[in-house]
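Now for the letters of each chain:
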Amino acid sequence: MDDFEHELTRMMREDRAHTPYGPGHRARLYEGIRVRRRTRVLVRAGGSALAVAGLSVGLALLPHLGSGSAPADLPLPATGSTAPPHSGEPTATVSGTAEPSTSLPPTGSTESHTPGGSPSGTTEPATTAPGSADSGSVSPQTTGTETSAPAYEGTPTYPPPSG
Amino acid sequence: MQRFRADGFDEFVAARWSALLHVARLLTGGDRQRAEDLVQESLVKLWFAWPKVAEQAPEAYVRQVLVRLAARSARRRWWGERPVGELPDRAGPGDVSAAVAERSRLEAALALLTPRQRAAVVLRYYEDLPEGQVAQALGCPVGTARSHASRGVARLREILSDSARPVK
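These protein sequences, in sequence, are chains A and B. Using the working numbering, read the first sequence as starting at 1 and increasing by one per residue. Using the working numbering, read the second sequence as starting at 1 and increasing by one per residue.
If you are wondering where the hints come from, they were derived from the structure by calculation, not from laboratory data. Only a predicted model underlies this, so the values are computations on that prediction, with no experimental measurement involved. Virtual Cβ for every residue (Gly too), placed ideally from N, Cα, C. Be a bit skeptical, because a hint or two may be false.
[As the list claims (entries may be wrong)] Heads up, incomplete: computed chain B residues facing chain A, CB under 7 Å, no partners named:
(1) A14
(2) W17
(3) S18
(4) L21
(5) H22
(6) Q40
(7) L43
(8) V44
(9) W47
(10) L106
(11) Y125
(12) Y126
(13) R157
Using the sequences provided together with the hints, build the complete structure.
Structure below.
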């Protein structure tokens, strides 16, 4: 420290007048604390309200998104030309054996069968499974094409067609 | 709960109020109103952090908050001041003692520094903090803090020697 720095230190410390912490200061400080606390609560409440609003909007939009994707897949069953999904249960096993080998690849391969591989005989189970609820295999072309052919490939849910 | 939370807070504030106000005044280049606002704001922040820092180093915490608030407030362009028609009463020439004149000179010189230089000089020479703590309070590397302090001192040297020069 040179002379100037010593002088600077002295100047800074010399005029330090004692300022008492009075009740006015205290009241003002606690008023500031109250205001800050209120602001925090409001911000937190606003944040929660925003989160809830965002979630509800997201949930409200979700069904629309689901229904929006369904129509894209619905036309596919029409190309299958085998049978409507609900009435097809009995015929499912029959058509599952022979027809899919011919009808599946064209319909399925256009959309989503590519990952599951297109071999006709082997992909039947894969495509039928996603129909899940109905054990029929006509829906395979319909529902199997739409969602999860790859996932169900290894897990055929109905007995293999015995011909 | 509240009483438990604020245990010791009032005592700390009462003990350190004057010193904090003085530091804030140096940090603002002599602006008393702004200094009070800064101390108040940093103490409000301290209150919320009190359960965590009370056992450790509340003084260091509040100093750091004060320095950062001072730097931030220096960047603001408007302080909420409004022009008035008549000037308030001010001390006349006869009231100015040598000490007051010197303090005014120092505060005016400090006001000409950049906020970070001012903070570095005040922490280094008034608070007598080591460079590491100055850097921590400023939130920058030690070398940068050292550079701020030395540039600030050089500038003060220049300003104060100019203002001390006798007028012909």
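Status of the hints after comparison with the structure:
1. A14: holds, 5 Å
2. W17: holds, 4 Å
3. S18: holds, 5 Å
4. L21: holds, 5 Å
5. H22: Where the cut-off is 7 Å and the nearest Cβ of chain A is about 5 Å from H22/B, the hint holds.
6. Q40: holds, 6 Å
7. L43: holds, 6 Å
8. V44: holds, 5 Å
9. W47: holds, 5 Å
10. L106: For L106/B, the interface hint holds, since the closest Cβ of chain A sits about 5 Å away, which is under 7 Å.
11. Y125: Where the cut-off is 7 Å and the nearest Cβ of chain A is about 5 Å from Y125/B, the hint holds.
12. Y126: This interface hint holds because 4 Å falls under the 7 Å limit.
13. R157: Check passed: Cβ of R157/B comes within 5 Å of chain A, closer than 7 Å.
In this structure, none of the earlier numbered hints is contradicted; all agree with it.
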